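If you're matching them up, the sequences are chains F and U in order.
For the first sequence, the positions run 1 to 223 when my numbering is used.
For the second sequence, the positions run 1 to 223 when my numbering is used.
These aren't lab readings, by the way, just hints derived from the structure by calculation.
Incorrect hints may appear among the rest.
Straight line, CA to CA, 25 Å or less: simulated SDA-like cross-link-like pairs of lysine to any residue [unchecked claim]:
no.: 1; chain 1: U; residue 1: K37; chain 2: U; residue 2: D47
no.: 2; chain 1: F; residue 1: K87; chain 2: U; residue 2: G184
no.: 3; chain 1: U; residue 1: K127; chain 2: F; residue 2: V217
no.: 4; chain 1: F; residue 1: K138; chain 2: U; residue 2: L44
no.: 5; chain 1: F; residue 1: K43; chain 2: F; residue 2: K87
no.: 6; chain 1: F; residue 1: K87; chain 2: U; residue 2: L86
no.: 7; chain 1: F; residue 1: K119; chain 2: U; residue 2: L218
no.: 8; chain 1: F; residue 1: K69; chain 2: F; residue 2: A24
no.: 9; chain 1: U; residue 1: K194; chain 2: U; residue 2: D207
no.: 10; chain 1: F; residue 1: K129; chain 2: U; residue 2: K194
no.: 11; chain 1: F; residue 1: K223; chain 2: U; residue 2: V217
no.: 12; chain 1: F; residue 1: K129; chain 2: F; residue 2: F169
no.: 13; chain 1: F; residue 1: K84; chain 2: U; residue 2: L44
no.: 14; chain 1: U; residue 1: K69; chain 2: F; residue 2: P206
no.: 15; chain 1: U; residue 1: K84; chain 2: F; residue 2: E59
no.: 16; chain 1: F; residue 1: K127; chain 2: U; residue 2: V135
no.: 17; chain 1: F; residue 1: K69; chain 2: U; residue 2: K129
no.: 18; chain 1: U; residue 1: K4; chain 2: U; residue 2: P198
no.: 19; chain 1: U; residue 1: K87; chain 2: F; residue 2: F52
no.: 20; chain 1: U; residue 1: K69; chain 2: F; residue 2: Q197
no.: 21; chain 1: U; residue 1: K15; chain 2: U; residue 2: N142
no.: 22; chain 1: F; residue 1: K43; chain 2: U; residue 2: V135
no.: 23; chain 1: U; residue 1: K178; chain 2: F; residue 2: D47
no.: 24; chain 1: F; residue 1: K43; chain 2: U; residue 2: P198
no.: 25; chain 1: F; residue 1: K117; chain 2: U; residue 2: K15
no.: 26; chain 1: U; residue 1: K212; chain 2: U; residue 2: I45
no.: 27; chain 1: U; residue 1: K87; chain 2: F; residue 2: Y79
no.: 28; chain 1: F; residue 1: K118; chain 2: F; residue 2: P206
no.: 29; chain 1: F; residue 1: K117; chain 2: F; residue 2: K138
no.: 30; chain 1: F; residue 1: K187; chain 2: F; residue 2: Q197
no.: 31; chain 1: F; residue 1: K129; chain 2: U; residue 2: G48
no.: 32; chain 1: U; residue 1: K223; chain 2: F; residue 2: K84
All values derive from a computational prediction rather than experimental measurement.
What follows is each chain in one-letter form.
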Amino acid sequence: MSGKIVLYYFNGRGKMESIRWLLAAAGAEFEEVFITKKEDYDKLVNDGSLMFQQVPLVEMDGMQLVQTKAILNYIAGKYNLYGKDLKERAMIDMYVEGITEVGDTILSLPFLPPDNKKKQLEKIESKAKERLLTLFEKILANSQFLVGNQLSRADVLLLEVTLLLQESFPTILSSYPKIQEFQGRIKALPTINKFLQPGSARKPPPDEVYVKTVMEVLAHLFK
Amino acid sequence: MSGKIVLYYFDGRGKMESIRWLLAAAGAEFEEVFLTKREQYEKLINDGALMFQQVPLVEIDGMQLVQTKAILNYIAGKYNLYGKDLKERAMIDMYVEGIGDIMDMFLPLFFIAPDAKQKQLDNIESKSKGRLLPVFEKALANSQFLVGNQLSRADVLLLEITLMLQEFFPTILSTFPKIQEFQGRIKALPNISKFLQPGSARKPVPDEAYVKTVMEVLSHLFK
């Protein structure tokens, strides 16, 4: 247990994917235990591993961490991806919270009925352009990284979410050249580059198997 | 502008209330600018004060901070209410995120139809009793404070949410004696006691005037 980082989640993106990205960016190795049946989840609950009976769960440094933001904050702090002082942290937090709002709406997509899905996609596209892309295009006009001239969790998240957006809207970055250049720079960093290779811990877009598994294991949420 | 902390929000709880609590607990004085008309909101946007066109906005230390969590993280860090190291911060974050999930359930309460409101209230009550309060009853069995033997943002937030729960469910703490004792201890701290006196910045339970104002100022969200 000592030294090993273990992730407990479904075999898919969901709320764990940003954690995988951040650990990968930090160059931190980790293992994964996939929840495939309700019994797997029930065992974690009965063992007292899940403080609020929810996954993601990440075991690291002798702790059983739950709550996605708590986990991401810890990883960012530990691996020096959270700025050099309180003020840089505040800038990073603002960016991360803003990007996460858009990222979260994409997360819920696979669980929506088909007609809702189309409407939601339109909303996501317009919100992404108005709120995120215009802002970050401006910030990156004169800057290699988003905050403090070094890689932070904000850069990693912006790459993650812009790639996500391109999956649904392939030409969405066509009028945001600075963001395109940013993507190129961050993708070229060795740890990120490695994560983008086939065979890494990166998970593919959600498919029917993933949706079915989640809805079965967390049946109490889908009544 | 230097040194002054200024809050921009509606004259009511909403997402700003936890920020008021934390500043008060820290003994940090602040002023408030209340949004009563859409023109004020539009002015903030046109002035470029709102990074994502949303309030809360807090002006502090030369920054225009938005995003509730970014603001709370900065205040907690600045006023030493965020634990003494990364691991204490992780424990605090887990507690804060867990409580935050319930806190967020209160937000839509006054903006939905009566039958939906009752359903939401039932949900809040069962989740609080089943998932949240047992965790803290256990954590406080042998402990004055939630983390690290000193006041942290987790203690302040737990007091805030349990008082809110008692407003709607007056006997909800009857089976949680340790939490009751905890409430007594934290309420007695000078800064907190001051905040709980009439005339402080603490806001009352939302009323019709509050709901009406929010729906007018943020009319684009209520179409």
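*Assess, step by step, whether the Cα of K117/F is no farther than 25 Å from the Cα of K15/U, and give holds or violated.*
With Cα atoms ~28 Å apart, K117/F and K15/U exceed 25 Å; violated.
*Taking 25 Å as the top limit, are the C-alpha atoms of K87/F and L86/U close enough?*
17 Å, holds
*Given hint K84/F paired with K223/U - CA-CA distance at most 25 Å*: 42 Å, violated
_Hint consistency between K194/U and D207/U [alpha-carbon to alpha-carbon, up to 25 Å]_ = 24 Å, holds
*Given the hinted pair K4/U and P198/U, is their alpha-carbon gap at most 25 Å?*
23 Å, holds
*Taking 25 Å as the top limit, are the C-alpha atoms of K84/F and L44/U close enough?*
29 Å, violated
*Keeping to a limit of 25 Å between CA atoms, is the pair of K117/F and K138/F held or broken?*
30 Å, violated
*asked:* Next pair to validate is K15/U with N142/U; report whether the Cα-Cα distance is within 25 Å.
replied: 32 Å, violated
*asked:* Between the alpha carbons of K37/U and D47/U, is the straight-line distance 25 Å or under?
replied: 16 Å, holds
*Please work out if K87/U and Y79/F have their alpha carbons no farther apart than 25 Å.*
Measuring from Cα to Cα gives roughly 13 Å; hence the hint holds.
*Going straight from one Cα to the other, do K223/F and V217/U come out at no more than 25 Å?*
Roughly 35 Å between the alpha carbons, so the hint for K223/F and V217/U is violated.
*asked:* With the threshold set at 25 Å, check whether the alpha-carbon distance from K129/F to K194/U stays at or below it.
replied: Violated. K129/F to K194/U sits at ~45 Å, over the 25 Å cutoff.
When the structure is compared with the earlier hints, violations turn up for hints 2, 5, 10, 11, 13, 14, 16, 20, 21, 24, 25, 29 and 32 and for no others.
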